[in-house]
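With chain R's structure known, arrange chains F and V on it following the hints.
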Amino acid sequence: MNREPVLTVEDLTVSFESNGEDIEITDRVSFNICPGEVFGLVGESGCGKTVTALALLRLLPMPGGRILSGRVLLKGSDILPLPLAEIRKVRGRDITMIFQEPSASMNPLLTVERQLMECFDYHEFSGDREGRVRDLLNRVGFNDPERILHSFPHELSGGMLQRVMIAMALIMSPSLIIADEPTTALDVTVQAQIMELLLMMKRETDTSILLITHNMGLIAQYADRLAVMYAGRIVEEGSADIFFENPLHPYSRGLLDAIPRLDSKREEIVPIPGQVPQPSDYVAGCRFQERCSHAFSRCADRPEPVSLDRDQRVACFLYQKGPL
Amino acid sequence: MTILETRRLKSYFPVKGGVFHNVQDYIRAVDDVSLEVKGGEIVSIVGESGCGKTTLGLSILGLAPVTSGEIYLSGNKINADNFDSWGPFRKDFQIIFQDPFTSLNPRHTVYRILSEPMLIHKICGRKDIKDAVAALMEQVGLSPDYMGRFPHAFSGGQRQRIAIARSIGVRPRLIVCDEVVSSLDVSVQAQIIRLLMDIREEMGLTILFIAHDLSLVRVISDRVYVMYLGKIVETCRTKDLFENPQHPYTEALLNSIPTLDRGKRPRILKGEASSLMELRAGCIFMNRCPYVQARCAQKHPDLLPGRNGLVSCYFPLSSY
Amino acid sequence: MFSELTKDRLKRFKRIRRSYYSLWILGIAFSLSLFSEFIANDKPLFLRYDGKTFFPVIFFYSGQTFGGQYRTEADYLSLNRDRAFLEKGFMILPLIPHSPLHSYLDLAENPPHPPSGSHWLGTDSTARDVLARLIYGFRICMTFALCLMIMGAVMGIVIGGIQGYIGGTTDIIAQRFIEIWSSLPFLYVVILVGSIYGSNFMLLLVVMGIFQWIGLSYYMRGEFYKLKNMTYVRAARAMGIGHASIFFRQILPNALTPVITIMPFSLIGGITSLTALDFLGFGLPPPTPSWGELLSQGLNNLYAPWIAVSTVAALFITLLLATFIGEGVREAFDPKSEYRIE
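Protein chains in written order, with the working numbering: chain R, 1 to 324; chain F, 325 to 644; chain V, 645 to 986.
Just so you know, the hints here were simulated from the structure itself, not pulled from any lab data. One or more of the hints may lead you astray.
Using 27 Å as the maximum straight-line C-alpha spacing, the simulated DSSO-like pairs for lysine-lysine come out as follows [what the hints assert, rightly or not]:
| id | chain 1 | residue 1 | chain 2 | residue 2 |
| --- | --- | --- | --- | --- |
| 1 | F | K415 | F | K362 |
| 2 | F | K362 | F | K334 |
| 3 | F | K563 | F | K362 |
| 4 | F | K623 | F | K334 |
| 5 | V | K872 | V | K651 |
| 6 | F | K451 | F | K401 |
| 7 | V | K651 | F | K454 |
| 8 | F | K454 | F | K401 |
| 9 | V | K872 | F | K340 |
| 10 | R | K89 | R | K75 |
| 11 | F | K334 | V | K651 |
| 12 | F | K415 | V | K872 |
| 13 | V | K696 | F | K446 |
| 14 | R | K202 | F | K454 |
| 15 | F | K340 | V | K870 |
| 16 | F | K401 | F | K446 |
| 17 | F | K401 | F | K334 |
| 18 | F | K415 | F | K334 |
| 19 | V | K732 | V | K696 |
| 20 | R | K202 | F | K588 |
| 21 | F | K401 | F | K415 |
| 22 | F | K588 | F | K623 |
So here's chain R without its partners, still in its complex pose:
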């Protein structure tokens, strides 16, 4: 990690309004994404990962969603306080997004060409627009870009649509692509194709990718660094190599034990007892303690992230240095 991070998220706290009161969904989420890396944000549904992604681009649904505090530094400057006109320039140009359901992300009434060319209506681009679009469609694997350009979304399969979305995300050469569960709606064989494509694009263009998913396998295969989220907080963060050698947080371990593995001889899956808490029930102390077999008295306080020697941070009192 020699270069400056492309994205730095500092203490991002997001709330949603429900029945008149503000409920905190994320609690001081912090992480860095370096240039040219795939950063995995992994967690189960309801942990706040999608909300975090939306907050980065200020796409939270209103009324209701609010950013209570925090900073989001894109190449060093905070984009959260930017006026609307400025943040619109960031969207689609510096940071782009790919969503889970490709057929829902495209307008069913417009051809692919119309939708791809639409990016140029909002961002400055000097150069051959048609050429750029066709070039990108080639690079994402279409041998016949013309046919794709003149098609409507319903005429293309899920895998093909997701390739189009990737092309769309790359048009303005963004520094960061946020991919929110990009392959969840796809078959596993197509998933492999799409992930390889994303990796290839990353290598060619040096774009960073924020990969949001609940699938640990995807993270293991494709992420350089990762953060694990639980109940609105980052519980573990750091290099993926180190993480999969030795996961630290009890939740990370529990999650890995609960997943059936194809590679190992181990055929057992061990469920984590209990349930994920609802945001309205979030406690101030460690939110995993009810389900944790290692919980002890300190857990009543909020665990702060602790850095271990190499690129590894964990928010758990088990790893607190010094006297407890």
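Showing chains F and V alone in chain R's frame:
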């Protein structure tokens, strides 16, 4: 003892088009499937989306049209043209659906959802029904205090528990589980799988487990059927399938799954599955198979005994 | 008892003050109007004569009971002015001591009489008390509209539901029939049938009822088509539950949303239709007190504005309240979420 058997089962959905709504083509969702499930087994049907596995599970219970072929429940042949002929078997053959959010009637309380089947099938009378429902809820890990609530109040995993309770309450012999954990979180999936396996032990159930996640299938099944575009391409015992896959599609499927071993990258299978409508001459996997040869274009290979179980391929893989 | 969803909707409805209060007002007004005989009547609620207690509002007493000559019903209003009676007893008259049917022909000027101390809204062209006629008229038109609404709802649910649930050829045939049926000019039918058999409450109700259900049946057909594909219906089929039970117990409770939202507007339609028929003279037979009839009188006697003004005001307020309720119900069931994205 064979509890469930199908012979050359076909479920075709006609596709109408044109001005007069003529039948132009068929969606061959289940295309000549013969399978067998013995008492006490957990048998999985695995395949990607659109391969017809859900339709297979539904047509076994008469919930999807059966175009031709035979179905035998507990050894009895079912008259597939008549929905009522499944009637006597409804109690013994249950089904749990994928989506926990629509499989429970939002206007019924948990009590009503669980008691109705038991009353209909005369598992217990009105006097004892409340205790029976309470016992059932405890068996699946839910507190009986919640029996007056509506499905709206429960999470996805809890609703699947209710759905499981509904089907085991009538003491069935076989349960078809149609992608029952696919919409749930990973940690919840593990809980539900564990619950199903525990119940199987307690009650001596047989389970037909339909899924797309091979790694889950490995945990839970005794035998596996692999489905692709409406046909069974391979079947054998679980251990054999994962150690020595015979069909190229099975191999590709196993290779595509991202594992937790960072050293091993998934291998790409080219192309995409064609639709269930196209009539293909030759092997259905031809256009994507890395080992395709001239012979494969002539006729789709029959399901024949291979090294382990049955495989539908002229050149099945063998272990090296 | 009620699901979370229903409780949410009830809460939202209560929060819309306009609608919530309208419901109360209309509800109380209608409940009171059911006891119109106790509010506006020329028979006393309670009468004490010669040491004995009488309830003329409920029971029939002849004039001779109170020292009169004839065996027909006692004329309580004149009794109240008779000194011989007042020496031996007293009576408590309802708040509005007039019957809607009694013509006060013995008053000084010619009818219609303007509002005065004894007739608060005056009298109509045959010297009957306007206020009393308004109150009884309210009861009749609300009752009619409610019955019509319920009849229409039940028939609409059953017919539309069967269409949607069975589908296929049955639905196609039924739909063609309904299209033909709905193109019949129902007003003519009402007039024709009324002329042949003589209009009365029941006849009008039946004749209008057989057209009323059409609108709702379209909604129900759609709902049943949609809901019969729900997974829980499939689960019920897989459990061996029969068609009738699925129709009524599984699908119907979920299909009632359009019914509830339509009902207030159906009520308004019923009130308006009856009033319109009465106005034209093809509705309830005279001397039934009805708003339509009053409106017609009002139009013919514009120099006596109290008739028209009071009737129009009553109609306006009632329909306004019902509209508020309807809007509130619609909003409670489908709140407009103002999602902005910047």
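Here is how each hint holds up against the structure:
1. Straight-line distance between C-alpha atoms of K415/F and K362/F comes to about 18 Å, which keeps the hinted pair within the 27 Å bound.
2. Our distance criterion of 27 Å between C-alpha atoms is met by K362/F and K334/F, whose separation comes to about 21 Å.
3. Between K563/F and K362/F the alpha-carbon distance is near 18 Å, which keeps this suggested pair within the 27 Å criterion.
4. Restraint check for K623/F and K334/F: satisfied, since their Cα atoms lie roughly 18 Å apart, inside the 27 Å limit.
5. Between K872/V and K651/V, the direct Cα distance comes to roughly 25 Å. Compliance with the 27 Å bound is thereby established for this hinted pair.
6. As the CA atoms of K451/F and K401/F are separated by approximately 36 Å, the hinted pair breaks the 27 Å bound.
7. Among the hinted pairs, K651/V with K454/F is consistent with the structure: their alpha-carbon atoms are about 25 Å apart, no more than 27 Å.
8. Distance restraint check for K454/F and K401/F: the Cα-Cα separation of roughly 36 Å exceeds the 27 Å cut-off, and the hinted pair is therefore not satisfied.
9. Taking the CA atoms of K872/V and K340/F, the gap is about 22 Å. The hint holds against a cut of 27 Å.
10. Of the pairs offered as hints, the one joining K89/R and K75/R holds, with about 15 Å between alpha carbons and a cut-off of 27 Å not exceeded.
11. Taken as a hint, the K334/F and K651/V pair is broken in the structure, with Cα atoms around 47 Å apart against an allowance of 27 Å.
12. A hinted pair counts as satisfied when its Cα atoms are at most 27 Å apart, and K415/F with K872/V qualifies at roughly 22 Å.
13. A threshold of 27 Å between alpha carbons decides the hint, and for K696/V with K446/F the separation of about 65 Å lies outside it, so the pair is violated.
14. For the hint pairing K202/R with K454/F, the CA-to-CA distance comes to about 60 Å; that exceeds 27 Å, so the pair is violated.
15. The straight-line distance between the Cα atoms of K340/F and K870/V is roughly 20 Å, inside the 27 Å bound, and the hint therefore holds.
16. This hinted pair checks out: K401/F and K446/F have alpha carbons roughly 24 Å apart, not beyond 27 Å.
17. With a C-alpha separation of about 16 Å, the suggested pairing of K401/F with K334/F holds against the 27 Å cut-off.
18. For the given pair, K415/F sits about 24 Å from K334/F by alpha-carbon distance, which is consistent with the 27 Å threshold.
19. Between K732/V and K696/V the alpha-carbon distance is near 10 Å, which keeps this suggested pair within the 27 Å criterion.
20. Only pairs whose Cα atoms come within 27 Å are accepted, and K202/R paired with K588/F is accepted, the gap being roughly 20 Å.
21. For the hint pairing K401/F with K415/F, the CA-to-CA distance comes to about 16 Å; that is within 27 Å, so the pair holds.
22. The suggested pairing of K588/F with K623/F is violated, with an alpha-carbon distance near 35 Å, which exceeds 27 Å.
When held up to the earlier numbered hints, the structure conflicts with 6, 8, 11, 13, 14 and 22 and fits the remainder.
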